[in-house]
Each structure stands twice: as structure tokens, then as C-alpha cells.
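J.: In order, the protein sequences belong to chains A and B. Heads up, the numbering used here is the position in the first sequence plus 129, with the first residue counted as 1. Heads up, the numbering used here is the position in the second sequence plus 6, with the first residue counted as 1.
Note that these hints are calculated values from the structure, not bench results. Misleading hints may appear alongside valid ones.
[Unchecked claim] Covered stretches of chain A (chain B as the covering partner; in silico rule of three or more C-beta atoms under 8 Å from a C-beta of chain B):
1. 188–200
2. 247–253
3. 300–306
[Claimed, not checked] So these bits of chain A aren't anywhere near chain B, every CB distance computed over 10 Å:
4. K160
5. L163
6. R271
C-beta: ideal position from N, C-alpha, C; glycine also.
So you can see what is in the structure, the chains are spelled out below.
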Amino acid sequence: MSGDAAPLALPLSRLSAGASEATNLYRELQKPLLRYLVCLGLSSDEAQDVVQDAFLTLHRHLSSGGSQENIRGWLFRVAHNQARNRQKRYDRNFSAASDAELDAVSHEATPERAVLEKEKFQQLGKAMRSLTASERECLLLRASGLRYREIGEVLGIATSTVSDTVDRAIKKLAEKCNV
Amino acid sequence: MCEFSGRLIAWLDRELPAEEAAEVERHLGDCAECQAGAEAFRRVSGEISEYCNAVLASSVRNVSPQWWKPVALGTGAVAALIALFLAMPRTHVAPPEFHAPQVKMAVPRAVAAAAPAPAISVQRVHRRQIVVPASVREPNAASAQNQNVYLLPDEPMIQIAIPADEMFPPGAVPEGMHFVADMTIAPDGSAERLQMQPRLAGFERRTTQP
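Isolated chain A, as found in the complex (with noise of 0.2 Å):
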């Protein structure tokens, strides 16, 4: 699977080992967490608080003897269900990020080379912004490294569902970005 090379299974019993073990799992899942979020179009801070609101859920659920199976994929569930939430509370839809202000992402990047990426990656939030919400959330759950199932769990839709909207959605970029 393409996307971040993230352990698709957890070792799930960990957590009941100690708080050492769920803070390293907050360390392992808080980046892709809040890069979903701020890429659904949630501002750094709203991301840092669904994702520690997550965790505290987490900890609920796993105090309260909770199921332990796929706590990645529960999470990014209740996040994204903490993030529809405000979208309720505050009338507002999901959009892909603003990429106004997108700059190359390595460091060692020469000028001509940033303002390629640049170009190229305005060119890919305009396209992502072209997609129907569904295929953009498969699309960015797929990217934090979510497998079908756990994709279709986290979206309420089916398997195949999901595996004919990240195909659609590919090919829409692809021809898009005239790749």
C-alpha cells in the first residue's frame, strides 16, 4: 500500500501493559491523526484537540474494558466522527486545505526545485478539491495508511465501496494531474 509505511496491526495488548505503552502509541498515531484532520480542512488547533480528545475517549473505552482489535482504525473513527461533529456544530463543510501557502516539504530543496513542488502540489489540492468528499476522505484515510476494511469501518461503507472510490479517485487525479 502506498502512503506512510504505518504498522497496519498494532500490538493491541500493549496498551493494557501500562501508560508508557499508550503514550507511545500516541507518539506512533497522533502525526497521521492530525494530518487527516488538518487535510479534511481543520486548523491546527481543532486537529490537536480532536485528536487528544480521541485519546482520551481511548482511554475511556480501554478503562471501561473495551475491545482492543484495530485501536488504529478506532481511532481514526472516533476522530473523524469528532471532526463531522464540528462540522455540525459550526455549519461548516470539509474542504480540502487551503494549499496557498504550501511550500516544499524537504529541506534540502533547491529554489527551482520548490517552486516546482509548489506548482505541483497546487495543482494537486486543486484537484483534490475536485473530488466529492468520499473520495477525497478515502483518499486521505488511504494516505494515513488505513487499509479497505479499516477505511470502510471508519466511513460506515462497505469494502468494495471504498476499493471502487480510491480507484475513481486515483484515475480523476491522475488525469488531472496529467500524470
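Following the hints, put chain B in place on chain A, whose structure we already have.
T.: Relative to the frame of chain A, chain B by itself:
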């Protein structure tokens, strides 16, 4: 379009069953179109991941402490106000010329009816004096000329004794109260200082005539 193109992305994501994945891999060895498609889809997937990282980095950078912005704005506004104040044209405003007030004193009604001599006495002296009208100090005296004069250290001034009845309504001040106005005259003839001091005739009588 090749019939395998719909399974290329799932194959890239390793979402196909093992048998189906093997079939796609065999097909890729023979199909240049699917090879190019798979490469394009892999590249797009990588760019999406880079784009997401750039969005996150940009978001974190944009929430770096922005406290200096309001501070700079406030400082600039204060500096602009100070500069505006300093740049405003100024005109020297001279203080108004001082003119010594001219005091017109009315003759007390009671004194004017009782005797032609004014109850308010004005004397130019070369020694500081306290002047008590005879009509107050000695109510039955016929003339205001009989006044006790207490000499004080040398100080050229004019002293004016004014009965309180002439300045306040009847009953507002104790009976026998009057005021002594000490007026200092400057060398050029203008009034330099005017000070009113109350005097109670009964108190003076008790202390000076036990």
C-alpha cells in the same frame, strides 16, 4: 482500455487476494499500458502523501506564535500618535496680562445711617496694622475715628476693615464679626496681595479687656 486497469490500484495497495494479485502481476509483464498505468497510479499516490505532509507542515507553521503581531500593531499605533503630536504646529500662547482688580466698596448701610463716617476704613500705613472699626469694637462710639491701631513690623500695605454684615446676609455670621483685608501694594502701585482675615469683636474684647 485494458480489463486489468480496474484492479491495478487495488493491486498496488495489496488489497487483492493472493491468486488475483498473482494474475495481475503476470499480466503486467506483458502489458505496457498497465505498466504505465500502475506507475502513474503509484506516482499519484506518492504525491498525495507528500501533499498531505506539506499541508500539515504549513498548518503547524501558520499557528506558530503570532503574539508579536498585535504587539507590533499597538506599538506602531502609539508611535504614530506620538509622531503626529510632535508634528502638530504649535503657537506660543502668552498668558493674559494681569490687571490688579479695582475694588469698589460700598458704605455700610447701618453705619451710613448712624454716622457720616464710613464703617469701612482705609489707611495707607508704613507699618503693618490691624484696624478694628470703632463701631464694632465699641458699638456705642459715635465716631469711627477712634480706632485701636496695633503696630506690626514694617511692611508697606493698605488695610481695609469691612463689617461682615456688608458681605453676608443678616444672621449668617456672628454679630460683631468683621473682616480685615490686608492689601500689599507693589512698588509700581499695583495690588500685589489681598488677604481677608475674619475678626470677632467680642473675642477681642474679652481678650483685650478682661
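J.: Run through the hints listed earlier and report the numbers of any the structure violates, in increasing order.
T.: Violated: hints 1, 4, 5, 6.
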